[in-house]
Structures are given as C-alpha cells and as structure tokens.
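Construct all of the structure, not just a fragment, from the sequences and the given hints.
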Amino acid sequence: MALLEIRDLRVSFRTREGVIPALNGMTLSLDRGVTLGLVGESGSGKTVTALTVLGLTRSPTTEIAGEILLDGVDLLRLSDADLRGVRGRRIAMVFQDPLSSLHPMRRVGWQIVEAIQAHERVGNRAARRRAVELLRSVGIPGPEERVDAYPHELSGGMRQRVMIAMALAFDPDLLIADEPTSALDVTVQSQILELLAQLQEEHGMALLLVSHDLGVIAEQADEVAVMYAGRIVEHGPGVRCIGSPLHPYTRGLLESIPHVDGPRSERLTPIPGAPPSPVALPAGCAFHPRCVLARASCRIEVPELTAVEPGHRIACPVVAADVSLVTSAS
Amino acid sequence: MNAAAGVPLLRVEDLVKHYPARGVQRQLGSVVHAVDGVSFEIAAGETLGLVGETGCGKSTVARLVTRLLEPTSGRIELEGIDITHWSRRKLRPLRRDVQIVFQDPYSSLNPRRRVGSIVEAPLRAHRIGKRQERRRRVQDVLRLVGLEPSHADRYPHQFSGGQRQRVGLARALATNPRLVVADEPVSALDVSIQAQVLNLIDDLRHEFGLALLFISHDVSVVRHVSDRIAVMYLGKLVEIAETERLFSAPAHPYTAALLSAVPIARVGGPKRPRVPVTGEPPSPLSPPSGCRFRTRCPFAQQICAETEPPLEPRGGSLVACHFPLVNSP
Numbered sequence: 001m002a003l004l005e006i007r008d009l010r011v012s013f014r015t016r017e018g019v020i021p022a023l024n025g026m027t028l029s030l031d032r033g034v035t036l037g038l039v040g041e042s043g044s045g046k047t048v049t050a051l052t053v054l055g056l057t058r059s060p061t062t063e064i065a066g067e068i069l070l071d072g073v074d075l076l077r078l079s080d081a082d083l084r085g086v087r088g089r090r091i092a093m094v095f096q097d098p099l100s101s102l103h104p105m106r107r108v109g110w111q112i113v114e115a116i117q118a119h120e121r122v123g124n125r126a127a128r129r130r131a132v133e134l135l136r137s138v139g140i141p142g143p144e145e146r147v148d149a150y151p152h153e154l155s156g157g158m159r160q161r162v163m164i165a166m167a168l169a170f171d172p173d174l175l176i177a178d179e180p181t182s183a184l185d186v187t188v189q190s191q192i193l194e195l196l197a198q199l200q201e202e203h204g205m206a207l208l209l210v211s212h213d214l215g216v217i218a219e220q221a222d223e224v225a226v227m228y229a230g231r232i233v234e235h236g237p238g239v240r241c242i243g244s245p246l247h248p249y250t251r252g253l254l255e256s257i258p259h260v261d262g263p264r265s266e267r268l269t270p271i272p273g274a275p276p277s278p279v280a281l282p283a284g285c286a287f288h289p290r291c292v293l294a295r296a297s298c299r300i301e302v303p304e305l306t307a308v309e310p311g312h313r314i315a316c317p318v319v320a321a322d323v324s325l326v327t328s329a330s
Numbered sequence: 331m332n333a334a335a336g337v338p339l340l341r342v343e344d345l346v347k348h349y350p351a352r353g354v355q356r357q358l359g360s361v362v363h364a365v366d367g368v369s370f371e372i373a374a375g376e377t378l379g380l381v382g383e384t385g386c387g388k389s390t391v392a393r394l395v396t397r398l399l400e401p402t403s404g405r406i407e408l409e410g411i412d413i414t415h416w417s418r419r420k421l422r423p424l425r426r427d428v429q430i431v432f433q434d435p436y437s438s439l440n441p442r443r444r445v446g447s448i449v450e451a452p453l454r455a456h457r458i459g460k461r462q463e464r465r466r467r468v469q470d471v472l473r474l475v476g477l478e479p480s481h482a483d484r485y486p487h488q489f490s491g492g493q494r495q496r497v498g499l500a501r502a503l504a505t506n507p508r509l510v511v512a513d514e515p516v517s518a519l520d521v522s523i524q525a526q527v528l529n530l531i532d533d534l535r536h537e538f539g540l541a542l543l544f545i546s547h548d549v550s551v552v553r554h555v556s557d558r559i560a561v562m563y564l565g566k567l568v569e570i571a572e573t574e575r576l577f578s579a580p581a582h583p584y585t586a587a588l589l590s591a592v593p594i595a596r597v598g599g600p601k602r603p604r605v606p607v608t609g610e611p612p613s614p615l616s617p618p619s620g621c622r623f624r625t626r627c628p629f630a631q632q633i634c635a636e637t638e639p640p641l642e643p644r645g646g647s648l649v650a651c652h653f654p655l656v657n658s659p
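Chains A and B supply the protein sequences, listed in that same order. Numbering follows this note's numbering, with no gaps: position 86 of the first sequence is 86. Numbers given in this note's numbering equal positions in the second sequence, counted from 1, plus 330.
It should be emphasised that the hints constitute simulated quantities derived from the structure, not laboratory data. A few of these clues could be false.
[As the list claims (entries may be wrong)] A few chain A residues facing chain B, derived, Cβ under 8 Å: (1) 186; (2) 238; (3) 252; (4) 260; (5) 264.
Ideal placement from N, C-alpha and C gives every residue a C-beta, glycine not left out.
See below:
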C-alpha cells in the first residue's frame, strides 16, 4: 500500500470575488522512502496540495472533497485534534521562506523545544538536548551555541537548516518540502538539497519535493509528477518524465528552459499563450488552447490519467493512443 | 567594439558605491560595500551578462550605470564622454539612449495609468514628436513586443506577468535607445513565459542593434542571451569572459562553483564534478581582506588573505584570482 494516496482531490476557496477552484481532481500516490518531485508553474496547485495534505487549508471558506489516505486513513475525515497528532509527527513540512516561518523574537532552540513539547511530555532540559542534537544532524556548526541564536543572526541557508531540524524532530514518515531552496542562492541551494537527500536516506522517509525548478526536480526526485491547472498531467519515474516526457505540457516545459551545459540553442521553444485563470478554465483538457496536438475531442472531455507503461501515467488521450499503437506494433 | 571610433558604448571604471549601514551598525560608522571597484565595457550592439547571487551588487550596478544612483567614486563613460557627474538636467537628453527594464512587472508599471500612457511617457518626457506621432510610435512598439495596438487602452492589471514585462520592454524601447539595462527581466516569470520574453529580447537585440546589460542570478538564462559574461561576487567582478569560454573553461573558482551548482533538468548525462564550496557569502558590511571569495574557496592560500587579486588577463578571460583554474596567458 502506498504511504500517501491522494484521490480526486478538489479544493476551492470561497472569496468575495466568487469561488476559486485550486485543485480540480488531483490524484497522486507516494510510496515509502521515495522522493516525489511535484513540479508546475505558479498557480498550478502545488502549494495548495501540500497545505491540504497537512490540513492547513481547512477553513469555513474552503471546500475540500476527495480523499487523502495516509496508510489507508483518510486525513480529510480526521478531527482537527486527531490531525494535529499526525501533523508534525508523521507528516512534517518545510516551507519556502525560513525567515517568515520562524518567530523573529524567539531563539531558534526555544522554537524547536516548543515543537517537541507540543507532541511529547519532555522536560525542558531533555528537549533542549534534543534540539542541539537535531541542529547537529542538519549540519549546523557549533550547535551548542547556535541553539541560542535568534533567526536574524543566522544566514538564509542556516535558517532553512533549522526548519529542517524542526521538521525531523519526530522522525516523520513523510516530509513535505515546498520550494525549500527557492529563496536561496544556487551555491547554498546545492548544500541544502544534498542535506535533504542525505537525511531522507538516513531516516527512510518519503519526501514530497515541491518545486517550479525542473533542474532541482531532475536531480533530486525518483518520481516526478507534473501539475497543470489543479491536476496531475504526467506522473512517472524521473528518468522517464524528464528524460523522455510524453505529455505535451511536460515536453513544452522542458523545451522552454535554457541549459547551463550542452550546445547553446539559438532560440528557445516557448509554450504559446499563458496559463489559464483558475476561474475561467478552458473546457475539456485545460491545456488544449496551448497544445500543438489538440484535437476537437480535447475541448470536450477532461482527460483521465492513464498508464502508458508500468508506473508512467499521462492525462493525454492523444499521446496515449500513439504510444499504445507503437507498443502494440513492436 | 565600435569599429569606427574604437570607443565602447559604455565604459565603467573602478565604480564604487558604499551605503551607510542601517540601525545600530550605522552609529558604528559601518558602510555596506555594495559595489567595490567594478570595471567593464559594453560595445555597441553587444550583450554583456552580469551574473551573481543575492546581495552581490548586481542591481546597484544597474542603477549606477543608468545614473539612478550617485556613485561614491569611479567613472562612467558613454561613448567616451564622462557622464559620472553630469547633473540631472544635463543627463536628460542622454536618457533617450539608455533605458532600463526592471524585474518586477507588477510594481514597475503605474497601476492607474493606461498602458498607452505608460509606454508614451518617455516620449513625452523627451518631447519627441507631436501627439499623433507619439500615438503611432506607441502602437508600433506595442506591436513590436507582441502586444496588440488596442492594448494601449487597457490598464496593467488586465495583463498577465509576461505581458506586463512586454509593456516594460515597450516603454524602454519607445525612445529607440542604444543601451538597455535589464535587471532580472525574466526572473518573476514562469518558465513557459520566460522563454517567450527571452526570444523577444533576442529579436529586439538583433533588429535594432541594441547593446544590452543583462543582469540575472540565473546562470542558464545569462548564458542564453549574452555575448560576454561578467561574474560578480560581493561587490567585485571576479571574471569576465566570452560566454562559450566561461562555460567551457571557467577560470575563477567561484565561477566554477556557481556553474557546477546549477541543477540540470536532464537525465542520464555525464555526472558533473561539483566544485565544493562551503558556507554562504559573508556580509558586505565587512568583506574579507584580500580575495573576497577566500573564505569559501577550496584553493585559498595565505596570499589570498593578504593581497587582493587584480582582474587580469588569463587565457583570453579577465580573472581576479591568485590561483586561477586556467593559467595559460
């Protein structure tokens, strides 16, 4: 059984301007110990997915439907109190901006201790010792001193390490990292990504790595899931999704980025048009107005994810039909 | 180089900008060494990429060369004429020739003005043409950047991020400038849109023989657009080289580290050797003595702390390093 299974998740926000749908039938599964890279452009629903798994989008003005199963237990059906037991313990999260996630007026050690004591009856001394150990485990030099530092006394990379230390306090089964390095420079980013990969291996946890950066995803993820307009359009092994992508959107994304190595291309191949507004999604496949392969049927039916090879699924009947022709012929 | 005169379009020499620090540090008399002795040239029609990480002083350079900021010291020459200390009034006619495009397409356009009026603003400011002619020019440049002439009547909020950046480009191009300084022009855009704007910049560059100072933290984007690239670290240039050379044979350890740290969206390629850099850039309030990269450099020696390496020619590039990775003259 998959560790995390998201089935037909729909999330929409009621605002004064009307109902804004963010997720429109999102389906995804993640096995233990696997790094899944969730990639997509701004507004595609990556962060809403992450927040909803943690129950952080719950509110009277949010409509949530579908299932989020953690080891078969539907998190959407849990009470707030039960969910608090899962969040932080079994599922932890690292956010993009460590500066706004940390309390600016509290020492980082105090904040880690608070997180520990929220879930466990531990004395202050013991909790502090654990905080120091956690800081050491994420590669913070001089953890005995740094535990008393305020967030502003630490660099961006060090702050993100503090956030990671806090997330690991209870050895979670699943770590969700939402753009964990997007606020950092590349030379610092590579250090943090290396740390995440190393910790994941040590703890054997699953990692849901949310990023807009295809390079980060390509280098870190075992599996890749591509989001567009609140749905998954392609999900499969990283080598397939990045190496030989099938969905026209994934292909478009990969063709539109300039590379740091290899021959320098004269021109980039952009995806025409712009991502749709969530309140005015095109009928049928939301990508059809920008798609070179679009047919009349794409405007009518919302494509389901279908397997084109073991473990590799795409939401594009046009390409899927081609692929099955090729495989049945060979 | 400008073949006729041999004079570069823009020449910057030993440019320095120090800011007084904020808060308690200010009372201690600390200064932020934002830009600390930067020299480079841009020939007519050439694109120079300026790449570096947060806080290295890239944007300050952009604001200095466009004279939006007063330099602490140094020299800025436009076609051989020293404009460093020209008054605003005297600079006015020159502003036609040098335009700037900003990073954030949301905050750089006045939300209460129609796009037509925004794009026309530089023409009005320079009293170029009659009203009718200006209108026509606005329609032309809007078409040029891939927008509809009818878009002139809309407000910025009616456009997407990519379209707004096109409006910013249209405004910069309205006066037919010879140099455009683009400060992170595609960083706020999603990759599928970023490619559209990069292609557009490429077209405009070729069509008008524009010279471009293209500033970005994104190494692969800079590589794509630039003829030459200058790499900046903590207020200083550490390397200037032709694009191909910089990527095939980076000479400064920082350049090598920067290039090897960029994750590549590709699988199965050869594993790239990582240049190990530790830690993070030091504060520009108190930059290290000698070479500023020495605190993170795997090759640093005693001399690196004592003597600041000058930017000198090595193997066809300009490099500021005591132990460059490329050492042929």
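Do the hints match the structure? See the list:
The closest approach between the C-beta of residue 186 (chain A) and any C-beta of chain B is roughly 4 Å, which is under the 8 Å cut-off, so the hint is satisfied. The interface hint given for residue 238 (chain A) holds, since its Cβ lies 6 Å from the closest Cβ of chain B, which is under the 8 Å cut-off. The interface hint given for residue 252 (chain A) holds, since its Cβ lies 6 Å from the closest Cβ of chain B, which is under the 8 Å cut-off. Residue-level restraint check for residue 260 (chain A) holds (minimum Cβ-Cβ distance to chain B is 4 Å; threshold 8 Å).
Taken as an interface hint, residue 264 (chain A) checks out: its beta carbon lies about 7 Å from the nearest beta carbon of chain B, inside 8 Å.
In summary, this structure violates none of the numbered hints.
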